[in-house]
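Participant: Just so you know, the protein sequences line up as chains A and B, in that order. Under my numbering, the letters of the first sequence match residues 1 to 213, in that order. Under my numbering, the letters of the second sequence match residues 1 to 213, in that order.
There is no bait here: all hints are sound.
Note that identical chains are pooled: a pair holds if it fits in a single copy or bridges any two copies.
Below, a list of computed lysine-lysine pairs in the DSS-like style, where the Cα atoms sit at most 25 Å apart: (1) K123 to K11; (2) K11 to K143; (3) K10 to K143; (4) K142 to K121.
Read the hints as simulated data drawn from the structure, not as lab findings. Only a predicted model underlies this, so the values are computations on that prediction, with no experimental measurement involved.
Protein chains: 2
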Amino acid sequence: MQSYSYNEIKKMDRLFRTHFVNSLAGFKSLNLVGTLGQSGISNLCIVNSAIHIGANPPLMAFISRPPSVERHTLENILSTGFFTLNHIHKSILKQAHQCSAKYKREESEFDKTGLTPYFSKRKDFIAPYVDESNIKIGLEYKKHLNIDLNDTIMVIGQITEIILNPNIVGNDGFVDINAAGTLTNSGLDAYYETTKVNRLSYARPDESVREIR
Amino acid sequence: MQSYSYNEIKKMDRLFRTHFVNSLAGFKSLNLVGTLGQSGISNLCIVNSAIHIGANPPLMAFISRPPSVERHTLENILSTGFFTLNHIHKSILKQAHQCSAKYKREESEFDKTGLTPYFSKRKDFIAPYVDESNIKIGLEYKKHLNIDLNDTIMVIGQITEIILNPNIVGNDGFVDINAAGTLTNSGLDAYYETTKVNRLSYARPDESVREIR
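Chain A with its partners taken away, still in its complex shape (with noise of 0.2 Å):
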């Protein structure tokens, strides 16, 4: 084993830090968060960053860079009020890791990478939906957060629609998203599939948890 203090990290080569970094939180959600531009172009951008925040209300979050760049996801949440959350699996995986790359505002990623954009039956829920994406997520954009430390942005959205198999329910309302192809990250650029270990029981003082299904 090797410690490497705070000094160390500050003195690291500014990629390698990155990388390192990058891969100390664990393994990380996957989504492409779909948004509508004003000018009516869906854009759609890769984040790992998506979080649960509450069940009731169902509320779910994810970080934005800092805007000191044109950050267009940002900015049709904030003038739109809506955005999508859609889970990658396998057959997409590199048309959703080029959604990373610097497109200009006029350009739909949708167009660049060949994924299709699905739009709500319901008429005021705006934002698109990836069509090929096996669980998708629409929320109602609630607030921001700044966490003033390093200009990051908190996003947080209500849901208000959730499209998936109902298959992949179970009784218990646990919904198998690894039997959905759902994948994980790690790191900027390292993709996983995963292979469940078990489900444990709820876990009590003096009573031994157990694998449950």
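With chain A's structure known, arrange chain B on it following the hints.
Facilitator: This is chain B only, laid out in the frame that chain A set:
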């Protein structure tokens, strides 16, 4: 495909909704948070919400549930100013999951689960690491943000120390957490191993992404 609306989610049975919504963000990071209580009790708590906030300065965060009941981890971080994040691998999974049981403030999850506290050689860093963990991250509390939509709290720390096997650090800084056996989580209680699909090259407009290494 089936569409679930906000109103349908609101009407779900409480526990069903908890499992359902918790599954949606995608695969989550998995860590044990180590803290020191004011009476010298070493505390552990399992979290699946740790996220990368930035590499320079190196910042990470996690979401704490509302402090409407005793939250020993949150109390300890605010009173001592330090915490650790410790990756979880298969051979300590049941012990790690058991840390979610509601132990009393004067009880140590280390004692209750048999996990071993490890203290930094740096005397000024007082939070306990999990000795068995293959990737240990020491953080200094920086700030917390209240998410008033549901009274959860985002706790942000700056990395002050990282302890891991240097053999898993690549030439470009990428840390192979898969090689370290780090697990990922979905929902409340499902745990997964990972298999690498690939790493993909930095994406640029009008250039095809390619597999690297």
